[in-house]
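Protein sequence lines, in the order shown, are assigned to chains A and B. The opening position of the first sequence corresponds to residue 1 in our numbering, with each subsequent residue numbered one higher. The opening position of the second sequence corresponds to residue 1 in our numbering, with each subsequent residue numbered one higher.
These are computed hints drawn from the structure, not numbers from a lab. In this text, all values refer to a predicted model and were calculated from it rather than measured experimentally. Ideal placement from N, C-alpha and C gives every residue a C-beta, glycine not left out. Just so you know, not all the hints are guaranteed correct.
[To be verified] Calculated pairs, DMTMM-like style, for lysine to aspartate or glutamate (alpha carbon to alpha carbon, straight line, at most 20 Å):
no., chain 1, residue 1, chain 2, residue 2
1, B, 50, A, 21
2, B, 50, A, 25
3, B, 36, A, 36
4, A, 63, A, 25
5, B, 157, B, 35
[Unchecked claim] Stretch-level coverage of chain B by chain A, calculated; a stretch enters the list once three of its residues show a Cβ under 8 Å from a Cβ in chain A:
no., segment
6, 105-117
7, 183-195
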Amino acid sequence: MSELKVKIIDALNLKHLKPEDIGDDQPLFVHGLGLDSIDALELIVLLQQNYNIKITDPQEGPKIFKSVKTMAEYIRSHQPA
Amino acid sequence: MASFIQGSCRLQNGKVILNGQEIFSSTVALNAFLEKAYGHLQLNYPKFYKMDNLSRLGFLASEVLLKGKDISSVNPFEISVVLSNSKGSLDTDASYFESMKKVASPALFVYTLPNIVNGEISIRHGLKGESTFFVTPSFDPDLLYAYSDEILKEKSKLCLAGWVDVLGERYEAFLYLIGKDNTGLKEKHSVENIKSLYSA
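Pulled out of the complex, with its shape left as it was, chain B reads as follows (with noise of 0.2 Å):
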């Protein structure tokens, strides 16, 4: 049974863009264009500001991602979270080891891994599926597309899938939504389509 990809939202360059239309934008540094966009979009979770900036991004990203969309009526056992990025936790863990000529603080010592990010995501919105995190060197459409689509096929109703990378102020979060239904942006899930909204 064929699969598609619902919506795609990118936050890169100061601007968060939905199914390729921007939403938001500022040319703020990374950690204030985090906070601008958490307020543009009106969201009431103190928790975002206790995440280090791989988290923040993903998290954003899957907020918009799944704004107006009623997951609710799916069984979160099989809504997944497949991730990547090239650079792993390697920005906080930065920070952690910076932390360690004081005292280490354990606020960011639980941000020393990348899949954080799938759990913050999944603690969010109630997700229970599958939860996978790939480091790869760059980002990989036939990886992300060949492990979710199988997902999709054994275990898994929706899947969230993409890259979320940073280090410094180098950043970029390409999230996608894969699903059984049309709906959406009526892109089939495949390899092409994949790669082609990632590079719109």
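Chain A with its partners taken away, still in its complex shape (with noise of 0.2 Å):
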């Protein structure tokens, strides 16, 4: 999950953070991290272009953005073979 966090870092511009100041389950968004709807933005397309996976449904987003640790459970299930 470190090498998630240090792209996280990276593609959303959060110099101020090093991985291990990002828990595994600290909620992304609102209280949390404190990631606004362009990062959301950003984590859809960092997916894409680091794992190659799509996210069709929006619905799925909070689900999937909520933590560290979801989007990585995201990425094994759907990377694709």
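Now that you have both chains on their own, put them together as the hints suggest.
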């Protein structure tokens, strides 16, 4: 998961954070890491560019991007063979 | 009622200058210069890292200019931002165009308008007054004076005005604060004084 955290920090320009500053279960939005709607779009781009995963159902977003852990689980279960 | 230029700040050629006094300098490239200046000013505003260079320039200039000034006593609806440049958001437009060759970047897209810098400054300081951005061939003190003067007569007590321009490594920010009180620089708000501060 630390690799994913590095990618998130890089993609979202969170230069004030180190990977260890982000908890595996820490909420990414609002009261957690404080990400916003533009960050959500960048996370979708991150999945597409780095893992070749396209999110087709927008309703899935809140579940996938709840935390780094849920993102990692989604990547593991959806990466093309 | 007369208005006065209470302070000015310039970021150019690796230097940050407040009221004619150099407060920071570095010879590194623009991105690094802006981040070093941010560090030097000991700011804690993580959104800075997400901004494009146009917004970073305006943001830093406004931070330097407003530091130590108590604007909280002024109604935020009576504090205006009037900025200008010659290249609009071309610097970020080009980066966004590049990103479109792979996957278009939403984070870049939101900066493909020059007046976003007004928004960043306004959000940071809670300013809710008039917000205007002019694109002109070159620095136009007559236009800035006329527009700011009218705002100050009609509906504002403070106005943050100036020029914020960037394309690649060519950059220039010149911001000044105009108010009704004869404090700070004690320069009367006039075209001649704007010209004089700009060329200093």
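Notebook entry, point to check: Hint by hint, which ones does the structure fall short of?
Noted result: Violated hints: 2, 3, 5, 7; rest satisfied.
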